[in-house]
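Participant: Between the sequences and the hints, there should be enough to build the whole structure, so can you do that?
Those protein sequence lines, which keep their order, are chains F and L. Heads up, the first sequence is in numbering that gives the first Met the number 0, so the first residue is 0 and it goes up one at a time. Heads up, the second sequence is in numbering that gives the first Met the number 0, so the first residue is 0 and it goes up one at a time.
Bear in mind the hints are in silico, worked out from the structure with no lab data behind them. Any given hint could be a false lead.
A pair holds if it fits inside one copy or across any two, identical chains being indistinguishable in the list.
Stated by the list, open to error - Here are the simulated DSS-like pairs of lysine-lysine, each with C-alpha atoms no more than 30 Å apart in a straight line:
| # | residue 1 | residue 2 |
| --- | --- | --- |
| 1 | Lys103 | Lys238 |
| 2 | Lys238 | Lys27 |
| 3 | Lys12 | Lys110 |
| 4 | Lys152 | Lys184 |
Number of protein chains: 2
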Amino acid sequence: MLYIIGLGLGDEKDITLKGLEAIQKCDKVYMEAYTSLLSFGLSPNGLSHLENLYRKPIILADREMVEEKANDFLSQAQLSHVAFLVVGDPFGATTHTDLVVRAKEMGVEVKVVHNASVMNAIGICGLQLYRYGETVSIPFFTETWTPDSFYDKIQQNRNLGLHTLCLLDIRVKEPTLESLCRGKKAYEPPRYMTINKAIEQLLEIAQAREDSAYTEDTECVGLARIGSEDQMVVAGTMKQLQLIDFGAPLHCLVITGNTHPLEEEMLNFYRCRTLLGAVRGEAEFKFLLFLENVRMGL
Amino acid sequence: MLYIIGLGLGDEKDITLKGLEAIQKCDKVYMEAYTSLLSFGLSPNGLSHLENLYRKPIILADREMVEEKANDFLSQAQLSHVAFLVVGDPFGATTHTDLVVRAKEMGVEVKVVHNASVMNAIGICGLQLYRYGETVSIPFFTETWTPDSFYDKIQQNRNLGLHTLCLLDIRVKEPTLESLCRGKKAYEPPRYMTINKAIEQLLEIAQAREDSAYTEDTECVGLARIGSEDQMVVAGTMKQLQLIDFGAPLHCLVITGNTHPLEEEMLNFYRCRTLLGAVRGEAEFKFLLFLENVRMGL
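Facilitator: Set out below in structure tokens:
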């Protein structure tokens, strides 16, 4: 039996009782390392938090292991109980459909334990989940590569009055260019995209287009570390959000469509509207925003 | 402090450790009764399951209580810790944004504990969450009321190649017509929409239109009791799914858009394609489907 267990978003205590019971039954416990450590604010040596709570040793399964060695741990799952832990929900933003397909092809029974993922926890900002259109991913641009397929999707959503969830790039264990050329394994340091960087890239692409799906004055919501104790949610225009330091990963961004009055009421709690009128310079805006965030307990 | 705690989808053990710890701190524990009992397969007397596990008495808060008496329990939350339990995620399919707004207006601090909701757990069927368009709700038609705003949304999604999650109507504690006229409180028996009924209504609306956003041959996925031990997932055309008894609530339906190869591979596990060619009559189809479901452990 292969248990694929969602860990939720914030920290080790976001696991469900059902997930915890499943882990207790397992002989081996793997955890996908793509985004997990980053999300839980842990260093690679910080696994002990989870191991102590779950009372099992955890084997980190990085991207290579999942892609190359899945057959090994699926073979184990043919004979005994194996757990595969994933941050969020097993079928959330990072999906594990391929693992399920491989397991089923090998005749391994699969049980899924669901949990929160960014795809539903994003509801915390007050924009109703059923009023979102297609989700987009924003990848890091390079000097030679500026993929912009997200633009048309955002435009479609906004034409329909729908909100757009933008998932921001995470680069963990990317091989260095040098290592690719020489065939040795060496990795780039982990990188995650900030809300500021995402907005910069969004505006860069919009400027190259004649129509404008959005501008620097378009209302957005920036969210950092959703589900954790120090999550941060700020509503404002792209221009305003670009001035804000959202701190540690992970970040994501919502571009609003048409909003309903109840949605507006919620956004107001995350907005610094009363202050903005009085702001003259960037430094002053940042200071007032800081005060406002303190007041709102953010 | 008001804790709004998601209970997840399956049963009482889908609560997170964080949610359980929050309940322990609270002087009063309310549970929204709109959909909870139905989802967890409990009768109104079946609360003791939850109370035993959570080690607290639970007060059922029905729709009237939440709407009319929210100020009472928000006043309690000004002075002490109060928990409000909701099935799924606090901002999932049934949203509690209004409660958050009222709490914040009264100066009550709010903490949200996220969990799985149908909005992300639907990923279990193998259709990628980021390829869904706007979610629609399908209400029960009456003799005089056949609202069809869902049709245009499904059409928009399908034109863009996107999948559509259809949430099906739940009627709990609806006042009877007689009680509305006489001012006495009396309620209709609870009703929930089956996948079969939803498809019947979908096809009724499509027949009245010239273009067709979908037909009885459109590929869909029917899902019942997502996240529980006896969940049922079947992929097939509307016509095929209409023949299937999905059993107890809650049901939902996905109308596919364009599918990717990996999505198709997953759908194949839920499909009875090999059998369908050989089927002559409805009874035979139902029997073969039954065998197939047994084989797949559904």
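Participant: Classify it for me, lysine 12 with lysine 110: is the Cα-Cα distance of at most 30 Å met within a copy, between copies, both or neither?
Facilitator: both (21 Å within a copy, 15 Å between copies)
Participant: Pop the pair lysine 152 and lysine 184 into one bin, within, between, both or neither, using alpha-carbon distances up to 30 Å.
Facilitator: Close neither inside one copy (36 Å) nor across copies (49 Å); limit 30 Å.
Participant: Can you tell me if lysine 103 and lysine 238 fall within 30 Å by alpha carbon in one copy, between copies, both or neither?
Facilitator: between (48 Å within a copy, 27 Å between copies)
Participant: Checking lysine 238 and lysine 27: alpha-carbon separation at most 30 Å within a copy, between copies, both or neither?
Facilitator: Classified as neither: same-chain Cα gap 48 Å, cross-chain 43 Å, threshold 30 Å.
When each numbered hint is compared with the structure, violations occur for hints 2 and 4.
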